[in-house]
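Visitor: Chain by chain, the residues run as shown.
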Amino acid sequence: MIKFLQYLGQSTRTSFTKLGRATYFLLQIISGILSVLARPRLLLKQMYSVGVLSFLIITVSGLFVGMVLSLQGYYTLSDFGAEESLGVMVAASLVRELGPVVSALLFAGRAGSALTAEIGLMKATEQLSGMEMMAVDPIKRIITPRFLAGLLSMPLLAALFSAVGIIGGQIIASGLLGVDEGAFWGQMQAGIDFRDDIINGVIKSVVFGFITSWIALFEGYDAIPTSEGVSRATTRTVVNSAFSILGLDFILTALMFGDH
Amino acid sequence: MDNCVSAQNSLVSVRNLSFSRGDTVIFDDISLDFERGKITAIMGPSGTGKTTLLKLIGGQLYPDKGTITVDGQNVHQLRRSELYTLRKRLGMLFQSGALLTDMNVYDNVAFPLREHTQLSESMIRTLVLMKLQAVGLRGARNLMPNELSGGMARRIALARAIALDPMMILYDEPFTGQDPISMGVLVHLIKSLNNALGLTSIIVSHDVHDTSAIADYIYVLSGGKIAGEGTPQEIQQSESEWVQQFMTGAADGPVHFHYPAKDYVDDLLSSGKRY
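Going line by line, the protein sequences match chains A and B. The letter at position 31 of the first sequence is residue 34 when you use the working numbering, and the numbering goes up by one with no holes. The letter at position 205 of the second sequence is residue 209 when you use the working numbering, and the numbering goes up by one with no holes.
These are calculated hints, taken from the structure and not from any lab test. Where hints are given, some of them may not hold.
Unchecked claim - The list that follows gives simulated cross-link-like pairs (lysine to any residue, SDA-like), each with its CA atoms no further than 20 Å apart:
1. B:Lys59 / A:Lys21
2. A:Lys48 / B:Thr105
3. A:Lys21 / A:Ala245
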């Protein structure tokens, strides 16, 4: 019993100190933002490796998710003779939920894990330490550009995911299921609200981009600089990001759409 | 002793330094001086905190007690910006080289120049080629760090360390894991760079032979204390048994060959139960 309490106390303490370190790390990142904005080329390079290189996985997944939504939605809606509403259903699910959430989960797996491994290995090979000795702040030079790149790429990738998904849904709807194309788009246009649906989706994806980049960079920076340490940090990035994304999604959804 | 004289001419002086990591005492009240323009070596077996000493001098770690002054400034009382200004005047050669793996050799050497100066690209090119020429690797400028051998990586890192014309270079185990040829090249380079550029060098090493060949002064550390100090000749003739064992590499001596264990015969004849 005493042992259990000891264990409980110790693990609480470790997680709180880690949270403290992570918060301090975040403040350091934020304090470096101005100096990164003064050197946009650093940011562009990271936008490429974090954002552009995630294009393929986001596009392909978006397409399939949209197509599946369309198929599934059709069978339910047609029971009520409401096939024409398929457009609203596909678009609303994508823009409000699946776009931000699924693309964030994919982003954590594709870009987050890569960031953690990269930073962890830079630490293990003394590159961060070496930079410090060259009087270059590794937070400003390495971490902040990657953080901003993640923050900016995430909403763009989520938008891409939703757009491709809607196209996929439309292809299935009018090509395979014979839903009227005009009704599909018309219902969508009437049923989707810019402020309520699209802006809320964008807010979600910004929050997810923030949390995923923060977790990924912190885990890399805080990793034990051995191959085992980096591998565990990479796993933690994916797992913790997934939990945070899903948990925050619930909270944000409750706040945004709760009073409907 | 002529300690006062050397203290005046010393670029780095360490006073009453104590440092421990967890329960392990790494340094116990030691004082060292590193003279300007000289090559000073810190030797000792692995795990005596030689690298830790370099990190303390560079301000990456904080001592428990004692002071370290570099060129008259107390490293651990500087503000962050002052520390960074000081670090621009220090070069450090890491054991692994610590080259940035996403850039080629040229960009690695240009890195400190681009970060800290406003020089034009053509001026940077001239400087980078000069530094690479000094380490004999001007032809390797387009290679990526993973295409370099260990010895070449260290020479590139050396070119990067001298890019801003520092006053001092800290070498962390520059000879470890080198074949005889690249070892010879590095020994020659360290010596000639020190003389040609008027640098002060601190070498941390456990390689007795090659370090003695170029060092002006040697400190031998053991168990958190200074076990011996002096010029290479003085160290060779040291009366301390421990220093003798370290310098000659004898298998048994004050440092025992056997890890502490119970009596050998008893151990063989015992029941063999696991404890």
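Visitor: For this structure, which hints from the list above don't hold up?
Guide: Violated: hint 1 alone.
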